[in-house]
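Protein chains: 2
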Amino acid sequence: MKTSFGPKTLLYPTPVLAVGTYDANGKPNVMTASWGGICCSQPPCMNISLRKATYSYQNIVDRKAFTLSLPSEEQVRQADFFGLASGRDTDKFAASGLTAVRSDLVDAPYVAEFPLILECKLVHTAELGLHTQFVGEVLDVKIDASVLDPEGNVDIRKLKPILFATGSKEYYGVGKFLAKAFSVGKES
Amino acid sequence: MKTSFGPKTLLYPTPVLAVGTYDANGKPNVMTASWGGICCSQPPCMNISLRKATYSYQNIVDRKAFTLSLPSEEQVRQADFFGLASGRDTDKFAASGLTAVRSDLVDAPYVAEFPLILECKLVHTAELGLHTQFVGEVLDVKIDASVLDPEGNVDIRKLKPILFATGSKEYYGVGKFLAKAFSVGKES
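Chains A and B, in that order, give the protein sequences.
Heads up: the first sequence is residues 29 to 216, going by my numbering.
Heads up: the second sequence is residues 29 to 216, going by my numbering.
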């Protein structure tokens with residue numbers, strides 16, 4: 029039996045993405061967002077939605093670029109901090125002790141200590157309401173050797189990405205392996 | 029030390045979303061997609077990207093509506109099947125034994141047995157390349173009583189949503205609780 033909850037943003041899971049940008053003075057900023065993901069395979073594109081009130085919003089409009097840095101489980105405290113403080117009055121890199129590295133492909137910085145980085149060039153903007161959706165074409169993905177398997181592919185057990193649970197506003201880790209995709213359904 | 033992987037769709041986690049639509053003859057269809065998520069809080073909006081080659085693509089263009097049904101771990105086989113078969117030559121509801129229910133708010137069906145449903149009215153379309161991104165305003169969320177906690181909120185431990193790992197193409201469950209969001213970062 030299903031109950032109506034009305035129009036709500038309940039979807040599981042959402043990712044935890046640290047959005048890296050430069051402000052008008054070239055100061056690096058980073059904010060955490062979970063309204064985002066993959067939106068195109070060719071060219072590879074990522075979407076991220078920000079409120080206009082955020083400091084990062086104008087940075088993306090001006091610089092036409094952003095990065096997404098994915099934190100690992102042990103970085104959950106810093107990732108949450110990046111969503112609480114504002115770049116208007118805080119140097120979040122200095123405050124967290126993490127390192128801003130300038131992307132050599134797009135006009136934006138990323139978080140050196142986070143294990144997976146997507147460098148994105150702004151290609152599409154949609155005004156949806158409280159949030160503006162930015163779509164960025166991925167020009168490069170940079171990954172720490174420490175989260176790769178022996179074949180050189182990402183091992184999700186080593187990456188340990190964080191999931192954000194909407195509604196309860198909680199962070200979770202990745203759990204048990206369930207099945208191979210494009211495979212288990214063939215038994216249907 | 030980071031290695032460049034070039035432009036790729038590597039982001040963790042992505043959700044597993046069964047997209048429900050009606051075709052030109054009113055036959056219900058459902059396909060699984062992971063390029064999607066939340067993109068606006070007010071009005072609540074979800075985005076989902078589909079290739080033009082999919083049967084569901086034209087259905088959304090014509091009907092200006094879709095639903096997202098979130099499967100639970102024990103439904104991983106059906107969810108994967110929905111991504112393997114095509115509505116062009118298969119009645120995926122009949123083949124899977126699952127039930128198509130007509131939304132009373134939008135012109136699209138949802139999967140009765142899946143625990144969380146989002147009913148979406150198309151409000152924005154973006155041609156991004158291989159994928160077209162559809163943004164739908166959420167008119168209602170319907171949730172099974174069985175996945176709610178005693179206070180009537182979604183319990184992610186009962187919902188057991190599926191995560192899709194890009195790259196390795198694997199499904200995982202939700203793992204351990206890490207921290208409260210908008211909270212643990214205050215200790216920074």
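Among these hints, one or two may not hold up.
Identical chains share a label here; the pair holds if one copy fits it or two copies do between them.
Stated by the list, open to error - Taking lysine to aspartate or glutamate pairs in the EDC-like style, the calculated list, with each CA pair at most 20 angstroms apart, reads:
1) Lys197 / Asp177
2) Lys204 / Glu102
3) Lys197 / Glu141
4) Lys92 / Glu179
5) Lys36 / Asp177
6) Lys55 / Asp132
7) Lys92 / Asp168
8) Lys55 / Glu102
9) Lys204 / Asp172
10) Lys149 / Asp51
11) Lys214 / Asp168
Quick caveat, the hints were computed from the structure, so don't treat them as lab data.
Quick rundown of the hints versus the structure:
1. Lys197 / Asp177: For Lys197 and Asp177, only the inter-copy Cα distance (15 angstroms) is at most 20 angstroms; the intra-copy one is 31 angstroms.
2. Lys204 / Glu102: both (18 angstroms within a copy, 13 angstroms between copies)
3. Lys197 / Glu141: Classified as neither: same-chain Cα gap 24 angstroms, cross-chain 26 angstroms, threshold 20 angstroms.
4. Lys92 / Glu179: neither (35 angstroms within a copy, 44 angstroms between copies)
5. Lys36 / Asp177: Close across copies (17 angstroms), not inside one copy (39 angstroms); limit 20 angstroms.
6. Lys55 / Asp132: within (16 angstroms within a copy, 50 angstroms between copies)
7. Lys92 / Asp168: within (16 angstroms within a copy, 34 angstroms between copies)
8. Lys55 / Glu102: neither (26 angstroms within a copy, 47 angstroms between copies)
9. Lys204 / Asp172: For Lys204 and Asp172, the Cα distance exceeds 20 angstroms both inside one copy (23 angstroms) and across copies (23 angstroms).
10. Lys149 / Asp51: within (16 angstroms within a copy, 36 angstroms between copies)
11. Lys214 / Asp168: neither (34 angstroms within a copy, 32 angstroms between copies)
Violation of the numbered hints given earlier is confined to hints 3, 4, 8, 9 and 11; the remaining hints are satisfied by the structure.
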